[in-house]
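End of the sequence shown sits at 299 in this note's numbering; the numbers just go up one at a time, nothing left out.
Bear in mind the hints are in silico, worked out from the structure with no lab data behind them. Heads up, the beta-carbon is just placed ideally off N, CA and C, and yes, glycines get one too. Hints may contain errors.
To be verified - Straight-line distance between alpha carbons at most 20 angstroms, and here's what the computed SDA-like set of lysine to any residue pairs gives:
#1 Lys279 x His296
#2 Lys250 x Leu108
#3 Lys148 x Ile159
What the hints assert, rightly or not - Taking CB as the label site, the calculated pair distances span:
#4 His125 x His296: 30 to 36 angstroms
#5 Glu144 x Lys297: 39 to 45 angstroms
#6 Asp189 x Phe217: 18 to 24 angstroms
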Amino acid sequence: MNSKRILLGMLTPSSNTALEPITSAMVSGLPGVSAHFSRFKVTEIALSEQALAQFDNSNILRAAELLAHAKVDVIGWNGTSSGWLGFEADVKLCEQITAATGIPATTSMLALNEFLEQTKVTRLGYVTPYRDDVQAKIIANYETLGIACQAERHLGLQDNFSFSEVTPAQIETMLREVAAHKPEAIAIICTNLKAAPLVARLELELGIPIYDTIATVVWKCLKMTGVDPRRVSEWGSLFHKLG
57 MNSKRILLGM LTPSSNTALE PITSAMVSGL PGVSAHFSRF KVTEIALSEQ ALAQFDNSNI
117 LRAAELLAHA KVDVIGWNGT SSGWLGFEAD VKLCEQITAA TGIPATTSML ALNEFLEQTK
177 VTRLGYVTPY RDDVQAKIIA NYETLGIACQ AERHLGLQDN FSFSEVTPAQ IETMLREVAA
237 HKPEAIAIIC TNLKAAPLVA RLELELGIPI YDTIATVVWK CLKMTGVDPR RVSEWGSLFH
297 KLG
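The task is simple: from the sequences and hints, build the whole structure.
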């Protein structure tokens, strides 16, 4: 039996308080697998120059190099910024991380997009905490992939810390309202929402697959390190559909 530890490196927005405990809980049932985190400054989500400058790759690469000191097996950008920046931003970021550290990389959004492509989703529902203009950018970027917005709900928030204070009841209401429009799947796009623990129960209730962006990057990181995602139980259909 291979006893080698599997170390998952996660790049974390500095004001995020949701993804670390949720990510660690997701992998807690996998002996020898652990998640490790490095932060860089992200305090607001908006389309202003100041807000967009937070995602300058030099800041992210410094955080990635710190993860490399821990000899992690993979580095995941546990964030959704390419949803409004354009997905090519994440492709470039992963290339730069690997060039700088020698470690393979992925992101929440690239993992989500891979999953949507493999499951042939063309009508998607969206749940986010974001502003109107950020939400519109996300929807437009998915339309370029041939994925139509079946329904969406968002909260108009900008302060990144505030996303973690959205209540489970608020999240459940948004998911139920989107589900009423019968999308093929629902994407929860934000890694500072405490949504992932609700997914398995609500999938059963609503009969629609729900893909949370904290979960998508964990799914892809496990696949990239040779760990069967189906070993993750009680976190929704994402981990069991494709293996």
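Against the structure, the hints come out as follows:
Of the pairs offered as hints, the one joining Lys279 and His296 holds, with about 12 angstroms between alpha carbons and a cut-off of 20 angstroms not exceeded. Under the criterion of a C-alpha separation no larger than 20 angstroms, the hint pairing Lys250 with Leu108 is inconsistent with the structure, at around 24 angstroms. For the hint pairing Lys148 with Ile159, the CA-to-CA distance comes to about 14 angstroms; that is within 20 angstroms, so the pair holds. The supplied range of 30 to 36 angstroms is met by His125 and His296, whose beta-carbon atoms lie about 34 angstroms from each other.
A beta carbon spacing of about 26 angstroms between Glu144 and Lys297 contradicts the range 39 to 45 angstroms that was offered as a hint. For Asp189 and Phe217, the Cβ-Cβ distance of about 20 angstroms falls inside the hinted range of 18 to 24 angstroms, so the restraint holds.
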